[in-house]
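Number of protein chains: 2
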Amino acid sequence: MESAIPMHLETQRTRHMRVPDDYQPPYPSFVARYKPAVSRVVMAYFGVQYRGATPAAATEALAEIAGLFAGEGGPSHWDRAHYVDQAGHANIVSVAYWDDIARFDAWFAPAREAWTGKSRDGIGTFIEVLRPTVARHETLFSSLGRPEGVAVIADGMSGEVQEHAYWGGMRDRIPLSQTDPMSPGGNPELIPDGARLRVKANDNLCLIRSGQDWSDTEASERKLYLDDVEPVLREGMDFLRDDGLAIGCYANRYMEVLSADGKTSEKSYGQSWWKSLAALERWAESHPTHVKIFGAAMKYLSTLGPSAKLRLYHEVTVAAADEQFFEYLNCHPKTGMLAAVETVAA
Amino acid sequence: MESAIPMHLETQRTRHMRVPDDYQPPYPSFVARYKPAVSRVVMAYFGVQYRGATPAAATEALAEIAGLFAGEGGPSHWDRAHYVDQAGHANIVSVAYWDDIARFDAWFAPAREAWTGKSRDGIGTFIEVLRPTVARHETLFSSLGRPEGVAVIADGMSGEVQEHAYWGGMRDRIPLSQTDPMSPGGNPELIPDGARLRVKANDNLCLIRSGQDWSDTEASERKLYLDDVEPVLREGMDFLRDDGLAIGCYANRYMEVLSADGKTSEKSYGQSWWKSLAALERWAESHPTHVKIFGAAMKYLSTLGPSAKLRLYHEVTVAAADEQFFEYLNCHPKTGMLAAVETVAA
Chain A
1 MESAIPMHLE TQRTRHMRVP DDYQPPYPSF VARYKPAVSR VVMAYFGVQY
51 RGATPAAATE ALAEIAGLFA GEGGPSHWDR AHYVDQAGHA NIVSVAYWDD
101 IARFDAWFAP AREAWTGKSR DGIGTFIEVL RPTVARHETL FSSLGRPEGV
151 AVIADGMSGE VQEHAYWGGM RDRIPLSQTD PMSPGGNPEL IPDGARLRVK
201 ANDNLCLIRS GQDWSDTEAS ERKLYLDDVE PVLREGMDFL RDDGLAIGCY
251 ANRYMEVLSA DGKTSEKSYG QSWWKSLAAL ERWAESHPTH VKIFGAAMKY
301 LSTLGPSAKL RLYHEVTVAA ADEQFFEYLN CHPKTGMLAA VETVAA
Chain B
1 MESAIPMHLE TQRTRHMRVP DDYQPPYPSF VARYKPAVSR VVMAYFGVQY
51 RGATPAAATE ALAEIAGLFA GEGGPSHWDR AHYVDQAGHA NIVSVAYWDD
101 IARFDAWFAP AREAWTGKSR DGIGTFIEVL RPTVARHETL FSSLGRPEGV
151 AVIADGMSGE VQEHAYWGGM RDRIPLSQTD PMSPGGNPEL IPDGARLRVK
201 ANDNLCLIRS GQDWSDTEAS ERKLYLDDVE PVLREGMDFL RDDGLAIGCY
251 ANRYMEVLSA DGKTSEKSYG QSWWKSLAAL ERWAESHPTH VKIFGAAMKY
301 LSTLGPSAKL RLYHEVTVAA ADEQFFEYLN CHPKTGMLAA VETVAA
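Chains A and B, in that order, are what the protein sequence lines are. Residues in the first sequence are numbered from 1 upward in steps of one, following full-length UniProt numbering. Residues in the second sequence are numbered from 1 upward in steps of one, following full-length UniProt numbering.
What the hints contain is simulated information worked out from the structure, not anything from laboratory work. Incorrect hints may have been included.
The list treats identical chains as interchangeable, and a pair is accepted whether it falls inside one copy or across any two copies.
With a straight-line Cα cutoff of 20 Å, these simulated EDC-like cross-link-like pairs (lysine to aspartate or glutamate) come out [stated by the list, open to error]:
#1 292 <-> 230
#2 299 <-> 235
#3 292 <-> 228
Note that the coordinates shown come from a computational prediction; the quantities given were computed from them, not determined experimentally.
Looking at chain A on its own, in the form it has when it is part of the complex (with noise of 0.2 Å):
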């Protein structure tokens, strides 16, 4: 059993673990391990947005953006996800992500430019990045052998951790936990450049992306899965989707992940943009929707005990102020985090 918390990150700490020292959780988890070299993650979040038939445009960005990715300074690691929004318009998003903010910084200039800079016929384009220290950050897996995400980046997989399975267990693994109680600042704000439309978003806003992938489940699993779970979870990812803002959830996605080849696959991710931490926890512990989730998950693997096949893992991180940028070209006005300011119709 090992902490969360790698050990060049544990600090003095001024603020409690939510469960004592001896806790053992119920079943095992694992975190993402980075070289201790590694200061700072990127993650970057490309999209295209159209609605209707695909747009010729469309097809060209999504090529472009891959030709950036696999040029000098690209990403170690992307993939791409297909949603349609609350607003029935399609959104396609190539998900980037760097260990290094220098190679990044230098990628990103010209790839900016070339991603907003301009308006495409037929569709939007917008570009959200946070650039948080690693002590900022969490990853949560139920399995070993399948990085997704920012982990495909890691330098690998730790053993069994211990802060998993309780509630607080999120805010436990990231290490800033132990000393800040990363509470949210200021309120975000729009910054219009034109057609480009920024959002300025506020100090320790929360990122999660939260995945499923049931490629490796048969039969009896399957069918539980997509029967009992998903529909529970698809519910649960539309009021956040729709009524989220009320509780400090800016945005929700509930993505199809698609294969290399463009089609969909057997793996999806829940992604939101959160005001705070806090309350995403107060989402996750005690909202009908959410405890509706974990119930059907409970009940899943419960009946399904360690022979589960689903694998499930999510990351989260607390972003400063300085460590964000959100940048929108001809999306409709209920975007990301375009949902969380006041915009005049383009």
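Following the hints, put chain B in place on chain A, whose structure we already have.
Just chain B now, with coordinates in the frame of chain A:
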């Protein structure tokens, strides 16, 4: 909005609350308020145990303890409840409350001798007492106007309190949590004294009495409670009774409150002894049996909204080693805290 911690018990914190200062609970709840002069309360459980038809000795014992309660130095309030335990024995427990330790001590010495000092034909008797400082104790009520248990002897009820409707609220309402993790110390020990068996339990032992009152519910609400909530609650109570030890629950009784005429009423409570507050927290937050109870209660309350007539309350104490007293005479070895120690057959 006020703190559940009374002003005169606020201290310089070395441990943080689980929620931010601006946390707003989604619905109202209330706590009992004692006069600031009250430094300790006493909760004393006097049990009668027998198998099969009620022996004359049981009826006599119940009349006797009621007489003692009514005498000089007796409790400010008491109530009585009934349950059939895992060994098939009936248990009738008279629970009495004091807010003056000197009065209790003077009253208790002869009462104890009367209750567990002599064997009675065909029945066992037991005494379980906590006498915590008020800083080691909290209550919670879903509505005003009908205090139960220890709250009956309080000065009154608070206004709406902040520390509830999140996991960790129970701990945050206990004043001592401001500075102390309330970790358990030591292991329960059996102290035989002839036929009398005493248990010296561990430091920071935890007691919860968690009650339900459906006497005000009508037609459809009553049906919903009795059909959808109560069976799930009973299942959880049975789990704690039969299999609780492995998760730190020494003993659990799911009691039917008896009215003044000795008949059953439309009130019940679960009463359980725990190794620690942390063990109780873990069960409540993540054990499938309580997750089901929580889910059923959430569904019930969200169906009915503010019109719900069901009343819920609890009282929780974390007692220091010298604030506890357990004594059993002619009871079976799974009775109360005897379940926590090895006993030889009498």
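Check your understanding: For residue 292 vs residue 230, is the C-alpha pair at or below 20 Å within one copy, between two copies, both, or neither?
Key -> both (11 Å within a copy, 19 Å between copies)
Practice item. Have a look at residue 292 and residue 228 and pick one of within, between, both or neither, based on CA distance no larger than 20 Å. Key: For residue 292 and residue 228, both the intra-copy (11 Å) and inter-copy (16 Å) Cα distances are at most 20 Å.
Exercise for review: With 20 Å as the alpha-carbon cut-off, assign the pair residue 299 and residue 235 to within, between, both or neither.
Suggested key: both (17 Å within a copy, 15 Å between copies)
Comparing the model with each numbered hint stated earlier shows that all of them hold.
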